[in-house]
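Chains A, B and C supply the protein sequences, listed in that same order.
346 is the number of the first residue of the first sequence in our numbering; add one for each residue after it.
346 is the number of the first residue of the second sequence in our numbering; add one for each residue after it.
346 is the number of the first residue of the third sequence in our numbering; add one for each residue after it.
Calculated from the structure, these hints are not laboratory results.
The reader is advised that the hints may include incorrect statements.
You can't tell identical chains apart in this list, so a pair holds if it fits in one copy or across any two.
[To be verified] 25 Å max Cα-Cα, derived DMTMM-like pairs, lysine to aspartate or glutamate: (1) 496 with 362; (2) 510 with 494; (3) 355 with 503; (4) 682 with 503; (5) 471 with 592; (6) 355 with 665; (7) 355 with 547.
Computed from a prediction, not measured in an experiment: that's the story for all the values here.
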Amino acid sequence: MSEPSRILRKQIGNFLEDFVPGQTFRHKGGKTVTEGLFSIFTEFTMTTNPLAKNARYGRAYGFRGLVVPPGLVMLVAFSQTVEDVSENARANLEYVDMRFGVPVYVGDTIESTSVVLGVTPSSRDKSLGVVHVQTTGRNQHDEVVLTYERKVQVWKNDVDITVVKAATEVTPVPCQLRLPAYDAAVPYRSLAHLSNADTYFEDFVAGDVIEHSRGRTMTSEHIALTAMLDNTSQVHCNQYMIDQNPERFVGGQLIIFGGIPFQLCLGLSCPDVADNSLGDLVYTTGRHSAPLFAGDTVFASTEIVATRDLPDRPDLGALDTILRGHKFITRDGASEKVEIFYLERSIAVKRRLHYA
Amino acid sequence: MSEPSRILRKQIGNFLEDFVPGQTFRHKGGKTVTEGLFSIFTEFTMTTNPLAKNARYGRAYGFRGLVVPPGLVMLVAFSQTVEDVSENARANLEYVDMRFGVPVYVGDTIESTSVVLGVTPSSRDKSLGVVHVQTTGRNQHDEVVLTYERKVQVWKNDVDITVVKAATEVTPVPCQLRLPAYDAAVPYRSLAHLSNADTYFEDFVAGDVIEHSRGRTMTSEHIALTAMLDNTSQVHCNQYMIDQNPERFVGGQLIIFGGIPFQLCLGLSCPDVADNSLGDLVYTTGRHSAPLFAGDTVFASTEIVATRDLPDRPDLGALDTILRGHKFITRDGASEKVEIFYLERSIAVKRRLHYA
Amino acid sequence: MSEPSRILRKQIGNFLEDFVPGQTFRHKGGKTVTEGLFSIFTEFTMTTNPLAKNARYGRAYGFRGLVVPPGLVMLVAFSQTVEDVSENARANLEYVDMRFGVPVYVGDTIESTSVVLGVTPSSRDKSLGVVHVQTTGRNQHDEVVLTYERKVQVWKNDVDITVVKAATEVTPVPCQLRLPAYDAAVPYRSLAHLSNADTYFEDFVAGDVIEHSRGRTMTSEHIALTAMLDNTSQVHCNQYMIDQNPERFVGGQLIIFGGIPFQLCLGLSCPDVADNSLGDLVYTTGRHSAPLFAGDTVFASTEIVATRDLPDRPDLGALDTILRGHKFITRDGASEKVEIFYLERSIAVKRRLHYA
Numbered sequence: 346m347s348e349p350s351r352i353l354r355k356q357i358g359n360f361l362e363d364f365v366p367g368q369t370f371r372h373k374g375g376k377t378v379t380e381g382l383f384s385i386f387t388e389f390t391m392t393t394n395p396l397a398k399n400a401r402y403g404r405a406y407g408f409r410g411l412v413v414p415p416g417l418v419m420l421v422a423f424s425q426t427v428e429d430v431s432e433n434a435r436a437n438l439e440y441v442d443m444r445f446g447v448p449v450y451v452g453d454t455i456e457s458t459s460v461v462l463g464v465t466p467s468s469r470d471k472s473l474g475v476v477h478v479q480t481t482g483r484n485q486h487d488e489v490v491l492t493y494e495r496k497v498q499v500w501k502n503d504v505d506i507t508v509v510k511a512a513t514e515v516t517p518v519p520c521q522l523r524l525p526a527y528d529a530a531v532p533y534r535s536l537a538h539l540s541n542a543d544t545y546f547e548d549f550v551a552g553d554v555i556e557h558s559r560g561r562t563m564t565s566e567h568i569a570l571t572a573m574l575d576n577t578s579q580v581h582c583n584q585y586m587i588d589q590n591p592e593r594f595v596g597g598q599l600i601i602f603g604g605i606p607f608q609l610c611l612g613l614s615c616p617d618v619a620d621n622s623l624g625d626l627v628y629t630t631g632r633h634s635a636p637l638f639a640g641d642t643v644f645a646s647t648e649i650v651a652t653r654d655l656p657d658r659p660d661l662g663a664l665d666t667i668l669r670g671h672k673f674i675t676r677d678g679a680s681e682k683v684e685i686f687y688l689e690r691s692i693a694v695k696r697r698l699h700y701a
Numbered sequence: 346m347s348e349p350s351r352i353l354r355k356q357i358g359n360f361l362e363d364f365v366p367g368q369t370f371r372h373k374g375g376k377t378v379t380e381g382l383f384s385i386f387t388e389f390t391m392t393t394n395p396l397a398k399n400a401r402y403g404r405a406y407g408f409r410g411l412v413v414p415p416g417l418v419m420l421v422a423f424s425q426t427v428e429d430v431s432e433n434a435r436a437n438l439e440y441v442d443m444r445f446g447v448p449v450y451v452g453d454t455i456e457s458t459s460v461v462l463g464v465t466p467s468s469r470d471k472s473l474g475v476v477h478v479q480t481t482g483r484n485q486h487d488e489v490v491l492t493y494e495r496k497v498q499v500w501k502n503d504v505d506i507t508v509v510k511a512a513t514e515v516t517p518v519p520c521q522l523r524l525p526a527y528d529a530a531v532p533y534r535s536l537a538h539l540s541n542a543d544t545y546f547e548d549f550v551a552g553d554v555i556e557h558s559r560g561r562t563m564t565s566e567h568i569a570l571t572a573m574l575d576n577t578s579q580v581h582c583n584q585y586m587i588d589q590n591p592e593r594f595v596g597g598q599l600i601i602f603g604g605i606p607f608q609l610c611l612g613l614s615c616p617d618v619a620d621n622s623l624g625d626l627v628y629t630t631g632r633h634s635a636p637l638f639a640g641d642t643v644f645a646s647t648e649i650v651a652t653r654d655l656p657d658r659p660d661l662g663a664l665d666t667i668l669r670g671h672k673f674i675t676r677d678g679a680s681e682k683v684e685i686f687y688l689e690r691s692i693a694v695k696r697r698l699h700y701a
Numbered sequence: 346m347s348e349p350s351r352i353l354r355k356q357i358g359n360f361l362e363d364f365v366p367g368q369t370f371r372h373k374g375g376k377t378v379t380e381g382l383f384s385i386f387t388e389f390t391m392t393t394n395p396l397a398k399n400a401r402y403g404r405a406y407g408f409r410g411l412v413v414p415p416g417l418v419m420l421v422a423f424s425q426t427v428e429d430v431s432e433n434a435r436a437n438l439e440y441v442d443m444r445f446g447v448p449v450y451v452g453d454t455i456e457s458t459s460v461v462l463g464v465t466p467s468s469r470d471k472s473l474g475v476v477h478v479q480t481t482g483r484n485q486h487d488e489v490v491l492t493y494e495r496k497v498q499v500w501k502n503d504v505d506i507t508v509v510k511a512a513t514e515v516t517p518v519p520c521q522l523r524l525p526a527y528d529a530a531v532p533y534r535s536l537a538h539l540s541n542a543d544t545y546f547e548d549f550v551a552g553d554v555i556e557h558s559r560g561r562t563m564t565s566e567h568i569a570l571t572a573m574l575d576n577t578s579q580v581h582c583n584q585y586m587i588d589q590n591p592e593r594f595v596g597g598q599l600i601i602f603g604g605i606p607f608q609l610c611l612g613l614s615c616p617d618v619a620d621n622s623l624g625d626l627v628y629t630t631g632r633h634s635a636p637l638f639a640g641d642t643v644f645a646s647t648e649i650v651a652t653r654d655l656p657d658r659p660d661l662g663a664l665d666t667i668l669r670g671h672k673f674i675t676r677d678g679a680s681e682k683v684e685i686f687y688l689e690r691s692i693a694v695k696r697r698l699h700y701a
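Working from the sequences, and respecting the hints, build out all of it.
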């Protein structure tokens, strides 16, 4: 190779000083949900809701076919924002008010846009600050499938640049869970054996904590799963980079993309709380409490905070829950439980009287 | 979190004393075969039959498209029964008289039901007994795709409960391999190059043993594959549980779900015996002879026991075979062959005169 | 098992002395591109071209849906030839003049044929020689999707057989990249945010070398990926075989099928050079320069050799590039860069004036 004119290496993503409240990102790519993506993720999470496994059941319920689970809807919409919003993030701080809209099916294409709501420089560390965005995912018919806010801690590129705290008014995005209507003519009872018999709305008691019985050990599979979501952040897939400077990286090894335990905890909870759900209403707040690595085993629990009516839907009720994911580490020869994920989650659940 | 009212942890599955001859299970979930599931499993097995790889070939032969291989049909139907039948099993003893029915295609939904045929307490160990079930898988048109019997060794929950040996009459399930008719107008010869030239019915000699040339090393991939089949038994995916008490678990490590070597051995045999097959007729009996772990390499061989006519199908013949899977372990510094799988398998194979 | 009449073990593939110039192979199998295969490979490569991710974008551009990336077209066509051409190869020497034809979509079936162009015994080692073939992949409508030549070093079965150098005239296969026509009525600008803004034809300067920023660590996933392409060569998937005789095998461990870094390097280059490409025109020459193993991290760079017009397509331009893949090894405590892949690649890229 003759001497090149220039050797280029692009900088990817934005730094703290690049974000301006009111700025809009129309994120790159978009993503069509194929049967490949659908099956790999739905099964990885070990979800048990027949809407995501059995097309006959889904169609009987008035959906067009297999229903993409809310966790996967979230991941497909969220992952498109990573390059623009959190490529140069130090930590994901919080998801806020994540609301689901129209159902998503195999074959749908989701495209995401984000608005910068605010930028807040850190008072303690002048190389960091918090970026607050609102992200909305829409399908090919321009219907909203998901909207949420997110706070993420982002590095400055130039430590000496002054970043002023600023914010803009958030314009709420209309988004409400849309489900097929209840139809008394549908033989729901003939399908009731396909889901658990003891997880209808009437079965839940506020105050209960359900420890979900299944654990799932993570392997290096996370690398391919993360790429499948178009999240190419190097801390998930570039071991060579970690090896050059292990002290710089959390755990000195590849760290698992938070979206993966997010989905997995949703799936692990399914047999106990979401088998008879028709959808998730809202994730009020969520955060990743501790990192996850290949070799860790993920567990989950759900606390039933409240049960309440859904005015428009007498056939359903809402469960307000807290989903917690955890793992165990060994400290001083003893096993110590460590929370890795926290999600305040409201679920729309079928009432037995109407469906079973 | 305030002090919970109750901390719940559900018990999953049935114990020996829960089974009653005549009892019927309509298993949960059901499963629609997506292109994701299809491709991952079909390719994992390294099957070479063009019916499962080439839709042009499949349609020319009168099928609707890519044909789901019998091993995957078995897995999809079988896995749905695990929670109800073998969640608390100590060992899978035997598959009996597994017969295939109508073809299965991508997009089909399979749902399984089981009938308890018998319960036999162990004479040697009062904490165990054998449960004998008959399972049938049907598609969305209520056609039978598969039926079989299974014997599995199950734990008691309460060792002191007396379980009486009991059985019920088995009502045979009508199920016969259904294939597209032979059509002399179809240019089968123009497709003959797509399969092996030396595996037509006329090529097989009773008494031959064919050692299949390919081996396949298993990795931690088995965890995701097993979840994809809705088998969430913890011995396959929860390393933390194993680590707490390694002596209790076979091999002190995650054990691979038997359905995986079952499928893999079928695929490894394909180039030598099933490339020119239109389907498997029956698995008379099958068992897992030894456990399999990540790191093991799987091999297979097929013994041709007999060749016989198929009265309704002069264009085909039946091969009665024994498929054996094996691996190697090191004992005293030497490599020792260990059988891991045994299956008496009858295959419907094309006759050269009609097809090539 | 009674004493078998015969124990058979088939020899697979051809040896040097089996190849005759002019000989034609109609390879076995064929392959229908399912959504499973499509998603797993497209995402594994971390490609960012929206034609392969976003069906809305693909259809707006006049394609029928998601477009199978050229790397995957190559792999599907190539892998079918392995058993007949390179089962007993020692090394893959070179790909030559690989030209792409009609677009490939999910649901298409690709079947490959090869013609032996020449056989050249080695002057240095009488157990080896070079086989030169021309391979063409066609879809179910008999349209050419890909054609290329390949040189591979193959073992003799019988070292004492004399193989004479021979060749035949190559009959060129008509094959040219076919793309939907430019249509000024299509609102391309409304889609421009879905790809990078700085990778239009006008942005490239001959002489530049672009170091692609992403690296991807390989894991044991390569075994399943390789089987998914019907390449069952044992050096990729049979660890037991390697363990019996580690000195005989490169690296003493499973070696990764070259098609995998081939695809991965194409994907890693995408954000910087092929985001706004409508297809690859030709791979003039390509080779695998060093082996790749699980645990290695793959990087890539693209040298822009030249930019030129495409006479029939004023809306596009051609980039002539060299794609190089590399990894790092540790030698004497220092990190050493090792080239693993080399490809002279011409890409058809959109012009900003027409599309953005």
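So, against the hints stated earlier in the document, which numbers end up violated here?
Hint check: 4 fails alone, others pass.
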